[in-house]
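Trainee: The chain contents come next:
Number of protein chains: 2
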Amino acid sequence: MNDSMILGFADSRKLATELATRLELKCGEIELHRFPDGESRVRVPAELPRHVIICRTLDRPDKKLIELLLAASAARDNGAINLTLVAPYLCYMRQDKAFHAGEAVSQQSIGALLGTIFDAVLTVDPHLHRIERLEQAVRCAQAISLTATRPIAEFIAERFERPLLLGPDGESLQWVSSIAQGWGFDFTICSKERFGDRNVRIHLPANICISDRDVVMVDDMASTGRTMVAAAESVLAKGPASVSLIVTHALFVGDAEEKIRATGINHIWSTDSIMHPSNVISLVPLLAEGIQDCL
Amino acid sequence: MNDSMILGFADSRKLATELATRLELKCGEIELHRFPDGESRVRVPAELPRHVIICRTLDRPDKKLIELLLAASAARDNGAINLTLVAPYLCYMRQDKAFHAGEAVSQQSIGALLGTIFDAVLTVDPHLHRIERLEQAVRCAQAISLTATRPIAEFIAERFERPLLLGPDGESLQWVSSIAQGWGFDFTICSKERFGDRNVRIHLPANICISDRDVVMVDDMASTGRTMVAAAESVLAKGPASVSLIVTHALFVGDAEEKIRATGINHIWSTDSIMHPSNVISLVPLLAEGIQDCL
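Taken in sequence, the protein lines are chains A and B.
No gaps in the numbering here: position 70 of the first sequence is 70 in my numbering, and each next residue is one more.
No gaps in the numbering here: position 283 of the second sequence is 283 in my numbering, and each next residue is one more.
Incorrect hints may have been included.
Okay, derived cross-link-like pairs now, DMTMM-like style, lysine to aspartate or glutamate, Cα gap no bigger than 25 Å in a straight line [what the hints assert, rightly or not]: (1) 259(A) x 37(B); (2) 14(A) x 29(A); (3) 97(A) x 29(B); (4) 192(A) x 37(B).
If you want the ones that stay clear, here's a sample from chain B, every Cβ over 10 Å from chain A, calculated [said to hold, decoys possible]: (5) 22; (6) 142; (7) 191; (8) 195; (9) 261; (10) 280.
Calculated directly from the structure, the hints in this document are not laboratory data.
No residue lacks a Cβ here, since even glycine has one placed at the ideal position from N, Cα and C.
Please work from the sequences and hints to get the whole structure.
Mentor: Here you go:
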């Protein structure tokens, strides 16, 4: 443990510092300089210990991936033998097949890239649909997929006596049920039709009574938020006591949050996997435990 | 040859089309879609031949590199066995050592990345300073470095009877002399001091007579243009007949071109390695020849 160090970029300083404090490790910063021609210069602290843990969440990922590649190679040039990436949000996990002929299966290419750069990758609730285990995408010695279901369930339990958890689609079934089961929450799943990046239709299950319930919509991520808008509108039409949304990954691109709030929803909450004003659930204890297991 | 195809992105369609016409090869487009969350979807034509040549110049490179990685993997998934990258401008070649402790040696990391993606890489006038051969950075089966010295020399010979070629610094000596020697042009080299990304001082050689000469400043690239501004000012103070600038790679970031024109320089010319209004010298014949050699 003493022979480990945590490094963060300016945009992941908070996560790096909090993890370092909790694990009693040294913490350093990866400096980024953007040259006028658009190239990046990356600098790590000189003289690193054997094991270096680089923290960076991978929303808006393309530039970040190149910077990570450069940071990792600088870390190895400066003494690191074993490199771990802590990326609470892992990018490109949704493009897990060629939906049309000729499409890149980005989950596999980006996973392979991360596998060549790092010895271990830790993430939280990666969006795995057609594969079961993270190492089928991220091909490194240790590909560790943690889940935020426990901290999310604890957060819900503190706030509601008899919540009704609602997953937006079939893909969320396993995840929603694992939040619900530990605490005995009621839960149900909608069905979803998608007609493009920003156009979805949600069907509530017919046999569920929503009126006067505290409905908590949960999902692994909110991106354009269109799914959540459609779900919130359907739920609100049924006269619930309250409607809240909790996601692990608060991507909220463009006007997503505004559109969700405009439905009249009571709360939007998220973990701190991606920095956002809705962050209320810290993933630091979970990530620290995960890092300890792989040290 | 018939079992080859050229692919371009929307931003490299012109190059791809011209190369395909000249080499009598089929040409296809790589489609790019940016998802709202900042991830890229890349799609290549389905059913590709064994040998696929992907064209893309690599100025402003970080996003482009990830898109190339995805395109290459999609190409392999769709039948390509042998992948060639034609990148008239190759990025990250200038960061060839850790100038300060802890810095990433990007030339090596990005070169290694390209080497894992492609079987062959073709480029023009890469900025190699501390290494001699491109394959010391780009580690693939064929790393081919072409030079624009011949088309540049031909262009100069068509316009000036007795030009004086001027290289901005010692690094340019070999390159400037190879443009000059085939045609017997006079040439000389300045010395340069650099004080940051945008601050340089240029010293003209003491023993050279500039008055009434057609001075042609040549360099492999113009980025912030500060070197060229300083050189042009020094030259113009000596009463030349004309001052022109020719570069292979017209990066011209920010107000670079404006600042160079403001010195009172007569012409700014470049090859088409990076699309820019100053492009006058086509690299297509040179690149086509290079591709034929590696087919």
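Trainee: Look at each hint and say if it fits the structure.
Mentor: Now the hints, each set against the structure:
Restraint check for residue 259(A) and residue 37(B): satisfied, since their Cα atoms lie roughly 16 Å apart, inside the 25 Å limit. Restraint check for residue 14(A) and residue 29(A): the C-alpha separation of about 11 Å stays at or below 25 Å, so the hint holds. A distance of roughly 20 Å separates the Cα atoms of residue 97(A) and residue 29(B); the hinted pair therefore holds under the 25 Å criterion. About 20 Å separates the Cα atoms of residue 192(A) and residue 37(B), which keeps this hinted pair within 25 Å; it holds.
For residue 22(B), the non-interface assignment is confirmed: its Cβ lies about 25 Å from the closest Cβ of chain A, beyond the 10 Å cut-off. Every C-beta of chain A lies more than 10 Å from that of residue 142(B), the closest at about 21 Å, which supports listing it as non-interface. Distance check on residue 191(B): its Cβ is at least 23 Å (rounded) from any Cβ of chain A, clearing the 10 Å threshold; non-interface status holds. Distance check on residue 195(B): its Cβ is at least 15 Å (rounded) from any Cβ of chain A, clearing the 10 Å threshold; non-interface status holds.
Every beta carbon of chain A lies more than 10 Å from that of residue 261(B), the smallest distance being close to 18 Å; the non-interface claim holds. Remark: the non-interface label on residue 280(B) is consistent with the geometry, its nearest Cβ contact in chain A lying 21 Å away (cut-off 10 Å).
Checked against the numbered hints listed earlier, the structure breaks none of them; every hint is satisfied.
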